[in-house]
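S.K.: The primary structure of each chain is shown beneath.
2 protein chains.
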Amino acid sequence: MAEAAKVSISTVSLVINNKVGARIGDDARRRVQQAIEELGYRPNALAKDLVSGRSRFIGLVADAIATTPFAGQIIHGAQDEAWRHGFVLLVANTEGNEDAEREALAMMLEHKVRGILYSTWYHRQVDLPTGLTEADCVLVNCFSTADVPAVVPDEETGGHDATTMLIEQGHRRIGFLNTTTPSPAHDGRLAGYRRALAEAAIDFDPDLVIDVQPDQEGGYAAVPALLRLGVSGVFCHNDRVAMGLYDGVREAGVAVPADLAVVGFDNQEVIAAHLRPPLSTVALPHYELGQAGVRVLLGLDEVGDDGRLTVACPPVPRGSVAGLRPGVIAEPSPGAAR
Amino acid sequence: MAEAAKVSISTVSLVINNKVGARIGDDARRRVQQAIEELGYRPNALAKDLVSGRSRFIGLVADAIATTPFAGQIIHGAQDEAWRHGFVLLVANTEGNEDAEREALAMMLEHKVRGILYSTWYHRQVDLPTGLTEADCVLVNCFSTADVPAVVPDEETGGHDATTMLIEQGHRRIGFLNTTTPSPAHDGRLAGYRRALAEAAIDFDPDLVIDVQPDQEGGYAAVPALLRLGVSGVFCHNDRVAMGLYDGVREAGVAVPADLAVVGFDNQEVIAAHLRPPLSTVALPHYELGQAGVRVLLGLDEVGDDGRLTVACPPVPRGSVAGLRPGVIAEPSPGAAR
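Each protein sequence line maps, in turn, to chains A and B.
Numbered as in the working numbering, the first sequence ends at 515 without a single skipped number.
Numbered as in the working numbering, the second sequence ends at 515 without a single skipped number.
These aren't lab readings, by the way, just hints derived from the structure by calculation.
Wrong hints could be hidden among the right ones.
Just so you know, same-sequence chains aren't split out, so a pair can sit in one copy or run between any two.
[Unchecked claim] Below, computed lysine to any residue pairings styled on SDA-like, alpha-carbon distance capped at 25 Å:
#	residue 1	residue 2
1	K289	P494
2	K289	D304
3	K289	R405
4	K289	T307
5	K289	V431
6	K289	P383
7	K289	F381
8	K289	A429
9	K289	D384
10	K289	P306
11	K289	W260
12	K289	P326
13	K289	E479
14	K289	L501
15	K289	V325
16	K289	A435
17	K289	R261
18	K289	E446
19	K289	A368
20	K289	R427
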C-alpha cells in the first residue's frame with residue numbers, strides 16, 4: 178500500500194486512522210486514498226492496533242469450559258458483556274495442558290489484549306500460570322492466594338437457600354448428600370446447610386450428612402443409607418446426584434415428592450428441568466460469573482476487601498419439593514418443563 | 178520503540194523479525210536492540226503478523242457450541258488439531274446473532290486468519306453469512322448450497338448401526354422414536370433404520386415409527402403408544418428421548434433391557450453412561466468433526482466430489498440391549514459406568 182501510494186507506512190497509517198491533527202499533505206492523502214481504492218484494501222486491524230498499541234480483544238483462558246457440558250454459560254456471559262463494550266472475546270480452551278496455557282497466554286500478551294479472564298469449569302483454587310499477571314486479569318469461578326481479583330459463586334448462600342426450600346415446607350429432618358471431593362463447593366454448601374438449620378432452630382446432626390461420589394452413581398448408591406435415616410427431605414450436592422437418587426428411591430417404592438422431598442444444586446441444563454418430577458434446585462450462575470468477570474476487568478464492578486466478588490446462586494423451585502403439612506404442595510415454577 | 182531508538186518503524190520491524198538481507202547499519206541495529214532491552218519489549222505479534230501479512234489464528238465462528246452442553250467437543254477437536262499445526266483457535270460464539278456474527282467475521286478477516294471454520298451445535302443446512310468466503314472456510318456440522326467444503330456426521334450409517342445393535346440380539350419388531358424436527362438427523366437416521374431392516378430381511382412397517390419431541394418429555398409421552406405396538410426393542414432419536422422413555426416404561430412395569438431393549442443416539446456426556454441401565458447408543462463424533470474441519474482447512478484431508486467429508490458415528494454398546502433368545506444377554510462395555 179505504502180509502495181503503491183509512494184508515501185511512508187506511517188503516512189498510510191495516519192490516513193487510515195483519520196488521525197486528528199496529523200500533518201499530511203493533500204497530495205499524499207489523495208495518493209493513499211487512491212491506493213486504497215485500487216487495491217481493494219480492507220482496513221487492517223493489525224495496523225490499527227499496532228498504532229494504538231492495544232487491541233480490541235479480551236482473552237479468556239479456560240481449562241475445559243467450552244468443551245464440557247457444565248459451564249459454557251461463563252463464555253456466554255463474558256462474550257455478551259465484552260461485545261457490549263466493544264471488545265471481542267478470544268477464547269482459548271486449554272484442557273489444563275500447561276504448554277497450551279503458556280502458549281495461549283503468550284499469544285494474548287503479544288497481541289496486547291485489554292485483559293485476560295482465567296476461568297475453570299468448577300469452582301476451585303488455582304495456581305496462576307506464569308505470564309498471566311503481565312496483563313490486567315480476573316479469575317472467574319476460581320481464586321488464588323495471589324493478589325488477583327476473583328469472581329466466584331456464593332456456595333454458602335446457595336446451600337442455605339436450598340436447605341431453606343425444604344424447611345419452608347415443614348421439613349425438619351433433612352439429609353444432605355454432599356460430595357467426597359474436597360472443594361469450596363463441599364465446604365460452602367455444608368456451611369449454608371448448617372446456617373439454614375440453625376436459623377430454624379434445628380440441631381445439626383452430622384449423621385444426616387453423607388459424602389457421596391458427585392454423580393448419578395453416587396446418588397443411587399446412597400439411597401439405602403439415606404432411607405434408613407428416616408429423613409423427609411434431602412439436599413443433594415448437585416443435580417446429577419439427585420438424578421441417581423431418583424432412580425434409587427423409585428426402586429425402593431419411595432415417591433418424590435410425596436414421600437421424600439428433593440433439592441439439587443447446579444440447575445444443569447439437560448437434567449434438572451427434565452427429571453420426573455422436575456427438580457427443585459439452586460442455579461450455579463455461570464452466565465453472571467462470566468459477565469461479572471468482564472465488568473471487574475473493565476473497572477465497572479468492584480471486588481470486596483477480600484479481593485472477591487461473590488455472585489448469588491438463585492433458587493429454582495420445581496416439583497420435587499412438597500410440604501409435610503396436609504394441603505401444602507409445592508407448585509412448579511411457571512417456566513418449568515413438565 | 179522507534180522513537181527511543183531514533184530509527185524508523187520499518188527498521189525496528191526488520192530488526193525484530195531478523196529480516197534476512199535487510200540493509201540495516203550496525204549502529205541502527207544496536208540502537209534498536211538497546212531500546213528493546215530498556216523498554217522491556219515483548220516481541221509484538223501484531224508487528225510480526227503485519228510484516229508477514231498473515232496470522233497464526235484459525236477462526237471458529239459458532240452459533241452456540243461453546244455455550245450449550247451438546248457439542249463442545251467440536252471446539253476441543255478443532256483446537257487440538259490447530260495447536261498441532263502451530264495455530265491458535267480463536268473462538269467466537271455468536272448465539273446466532275447476525276450482528277455478532279458479522280462483527281466476528283470482520284474481525285477475523287481484518288486479522289488475516291489462516292481460515293475460518295463455521296459451525297453449528299446441531300447438524301443442519303445454513304445460509305452463509307456475508308464475508309465468510311473472503312477467507313478459506315470449512316463448514317463443520319453444517320452444510321450449504323454454496324460451494325464450500327463441509328464436514329458432517331454420517332447420520333445414515335449411525336442410524337443403521339443403532340438398529341443393527343438390536344437386530345444382532347434377535348429383535349425383529351423394532352420401534353423407532355424419531356424426532357418431529359425436520360433435519361438431516363431425522364432423514365438420515367430413518368434411512369439408516371430402514372437399510373438395517375432391509376439387510377436383515379425385515380419388512381419396514383411405518384406404524385413402528387413415531388415422531389416425538391426430541392427430549393425427555395417426548396420420550397416419556399410416547400411410551401403408551403410404543404407399548405401398544407408390541408415391540409421388543411426401540412431405537413431412540415437421541416439419548417434424552419431414551420432417558421424419558423426409561424421413566425415411562427418403569428412406571429408401566431416394563432424392565433430395560435429384559436422386557437424392552439433400548440438404543441439411543443448422541444452418547445451425551447452427562448446422560449448416556451449414567452442411566453440405569455447404562456444406555457447403548459451411537460456417538461455423535463463431535464471431537465472428530467472439529468479435528469476434520471481443521472484438517473480440511475489446512476489441506477490435510479479432502480472432501481468428496483459432493484463437497485462433503487462424512488465422519489462415522491461409532492456404536493457404544495452398554496447395558497440397555499439384551500437378546501431375545503434365551504441365554505443371550507448383552508454385556509456392558511468394560512469402560513461403562515454402572
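S.K.: Quick one: K289 to L501, C-alpha cut-off 25 Å, is that within a copy, between copies, both, or neither?
M.R.: For K289 and L501, neither the intra-copy (59 Å) nor the inter-copy (64 Å) Cα distance is at most 25 Å.
S.K.: Reference check for the pair K289 and P306, CA-CA at most 25 Å: within, between, both, or neither?
M.R.: So K289 and P306 pass the 25 Å test inside one copy only (17 Å; across, 29 Å).
S.K.: If the cutoff is 25 Å on CA atoms, where do K289 and D384 land: within, between, both or neither? Let me know, please.
M.R.: neither (54 Å within a copy, 62 Å between copies)
S.K.: Within, between, both or neither: how does the pair K289, P326 come out at a Cα-Cα threshold of 25 Å?
M.R.: within (20 Å within a copy, 34 Å between copies)
S.K.: From the Cα coordinates, with 25 Å as the cut-off, is the pair K289 and T307 best called within, between, both, or neither?
M.R.: So K289 and T307 pass the 25 Å test inside one copy only (16 Å; across, 28 Å).
S.K.: At 25 Å max between alpha carbons, let me know whether K289 reaches D304 within a copy, between copies, both or neither.
M.R.: Within one copy only: 23 Å inside, 34 Å across.
S.K.: Evaluate K289 and P494 at a C-alpha cut-off of 25 Å and name the case that applies: within, between, both or neither.
M.R.: neither (45 Å within a copy, 49 Å between copies)
S.K.: At most 25 Å between C-alpha atoms: does K289 with A368 qualify within a copy, between copies, both, or neither?
M.R.: Neither, since 42 Å and 51 Å both go past 25 Å.
S.K.: Checking an output row: K289 and V431, CA cutoff 25 Å. Within, between, both or neither?
M.R.: Neither: 59 Å inside a copy, 61 Å across copies.
S.K.: When no copy is specified for K289 and R427, does a C-alpha distance of 25 Å or less occur within a copy, between copies, both, or neither?
M.R.: Neither way: K289 and R427 sit 56 Å apart in one copy and 58 Å across, limit 25 Å.
S.K.: Is it within, between, both, or neither for K289 and V325, if the alpha carbons may be no more than 25 Å apart?
M.R.: within (19 Å within a copy, 33 Å between copies)
S.K.: Check K289 against E446 for me: Cα-Cα at most 25 Å, and say if that holds within a copy, between copies, both or neither.
M.R.: For K289 and E446, neither the intra-copy (36 Å) nor the inter-copy (36 Å) Cα distance is at most 25 Å.
The earlier numbered hints that this structure contradicts are 1, 3, 5, 6, 7, 8, 9, 14, 16, 18, 19 and 20.
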